[in-house]
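Participant: Residue numbers (my numbering), protein chains in the order written: chain A, 46 to 390; chain B, 22 to 284.
FYI, nobody ran anything at the bench for these hints, they're computed from the structure. Each statement offered as a hint is correct.
Taking lysine-lysine pairs in the DSS-like style, the calculated list, with each CA pair at most 30 Å apart, reads:
(1) Lys343(A) with Lys163(B)
(2) Lys343(A) with Lys61(B)
(3) Lys52(B) with Lys247(A)
(4) Lys105(B) with Lys343(A)
(5) Lys52(B) with Lys343(A)
Here are the in silico distance ranges between beta carbons for each label pair:
(6) Asn377(A) with Ala111(B): 28 to 38 Å
(7) Asp341(A) with Lys230(B): 35 to 45 Å
(8) Gly72(B) with Lys103(A): 31 to 41 Å
(9) Lys230(B) with Asp258(A): 51 to 61 Å
(10) Lys103(A) with Gly234(B): 20 to 30 Å
(11) Lys330(A) with Ile205(B): 47 to 57 Å
(12) Ile205(B) with Lys103(A): 35 to 45 Å
(13) Ala111(B) with Asn328(A): 28 to 38 Å
(14) Arg97(A) with Gly271(B): 30 to 40 Å
(15) Gly234(B) with Asp341(A): 25 to 35 Å
(16) Gly191(A) with Leu101(B): 53 to 63 Å
(17) Lys132(A) with Lys261(B): 52 to 62 Å
(18) Gly72(B) with Asn377(A): 24 to 34 Å
Backbone N, C-alpha and C define an ideal beta-carbon position, used for all residues, glycine too.
Spelled out, the chains give:
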Amino acid sequence: MNRSHFIKQSTLLATGLACNPSWLFSKEGEDIILGHNNKRYRIDKKWGELDRNRYPVKDCHEMVQDSKGRIILLTNETKNNIIIYDKKGKLISSWGHEYPGGHGLSLFNENGEDVLFICDNNRHQVIKTTLDGRILLTLNYPKETGEYSKEEEYIPTETTIAPNGDIYVADGYGKDFIIQYNTKGEYIRHWGGRGTAEKHLKNAHGVCYDNRDKNNPVLIVTSREEQAFKRYTTDGRYLDTIPVPGAWVCRPVIHGDYLYAAVLQSNSRLWQQSGFITILDKNNKVISNLAGSEPDYKGTMADEMYQTIKAFQYPHDVCIDDEENLYVAQWNSGQAYPYKLKPVR
Amino acid sequence: MRNSLLILLLVCSFRPVYSQELFQLAPPLLKYPSVFFENKTVAEIKFAQEGTTVHYTLNGQEPTLTDPVYTGPVSITQNLTILKAKAFGAAFLPSETAVATFIKNGKRIKSLKYTLPHAAYPGNGEQTLIDNLGGVAQTGSKNWMGYQCDTVSIIVDLGKRKKVNSVLLHFLQSESAWIFLPEIIRIEGDNRKATGLQLLGTAQLKTDKETTGTHCRYQQIKAIPKIKTRQLYITLLVPKEMPAWHAAKGQHAWIFIDELKIY
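Hey, can you work out the whole structure from these sequences and the hints?
Facilitator: See the structure below:
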């Protein structure tokens, strides 16, 4: 090899190094950071990618972390409704072929044992299972409420489980009622529904048990088409509304002092893949929008929020792990596997 | 040789720095009371994203980095002013362009008679077509009157005979949601000299190619001849069959209208 040839080779090598995005990525602070204030993240869109032929997904609806630290995804792909990852995105296992409308996924630790609650839109049922898919309880359409004449009217989207085992189901694509059952699945009461009063709901897409105030736990319910969360006592008395103008919020997720929610889309750009992620502090004030507008308040009212960066299409749920990483599952987004976002410290 | 190596390195390190991929910015938000205005209106552009600037034009041209940076509300006085805004940022691909066309008031309209819209899209009361409200490119906006019948008739009463130069109609187009522009628009007046109605103008709108997204579209039809008339008779033909390229081809289309102006 003569000298000129050698230099040509090393030039190419150097060029390759200098232009390689992953090399630049490692340079702290130079890449795109999503979010605001103390909730800022770097995104890894490849985290959840799997062999599509063997482990396909359709809509990735919701995600939870179990007590062993594993990340569990629910998709409406019946080849594998449940996909279980480790935090690095490695596949651990998959199961489930009988949830064609798999939509809501909640985890509850029942006397030391993790159990799952799956809401199935197509089956009009809520199904409680073990972590490996054994069915423990099935809740059919809530005839007892007197609000439903057939199962098709009931399209449950979400559950949350109170520490005493009470099950709350949000009928977010049906009649927008919240239905409360005891741990055995016996009907207790229901509330919400559609209407014009503040206590009513419009697309009650999510529900969560908010125990941030330990002495005063409440339920937070999504009213997505109203771009709001609504707070109720655990027996269904309406308390107040948390407006999130412009944001079609999915379920609220409580982690630490914060409320996290995937925003399916911006109200200003409906059905144009205009989603982002929003984070509210313990006073339910928006402090960060990931790929969305910087939060701004005039008095107590948030200014209209909207997508600013096309990092997501239609985010549908966010899961926060024990190391404060976020995982984002998306609906109708080209069968995208979940993304992981790591906090910027 | 050493120099060329250095240059190559420099060129590479000055390229924009990407995370794992280059993200595109979303289009800025245009905020205004209505696209319809009396004498003057004000538009705001919102885009609260660090590391970006919004450039805009009012002449219909595509905004570039050399166009003005948005810093505060833009005043609009001219009929058919087109506001275009685009977000730019060194670390991002520029956004798509956000567009709004502003439409100034025309002659005073005394009263209107029109085909009743579909019950699902009734508009915003009897004055919907002349209330200066609307221009929101969303099917859910209450200002739209929706029709799925074959023919829509609108009779405009100007109160007295006035010379008519043109007629402007404001429509929604959202073909994936079955909302098309009318196939044919016909404008007639009651010229005293002629017997019966006199044709002032027509437009034939083609749907042979798909238009994606949801947009406001105006159609301005020039009156030839320009006659004096008190009444104007507007006829809109709704496409009876959606075209072959549409997912629901052969089905009856809709039209949505929210405003009309007589100049």
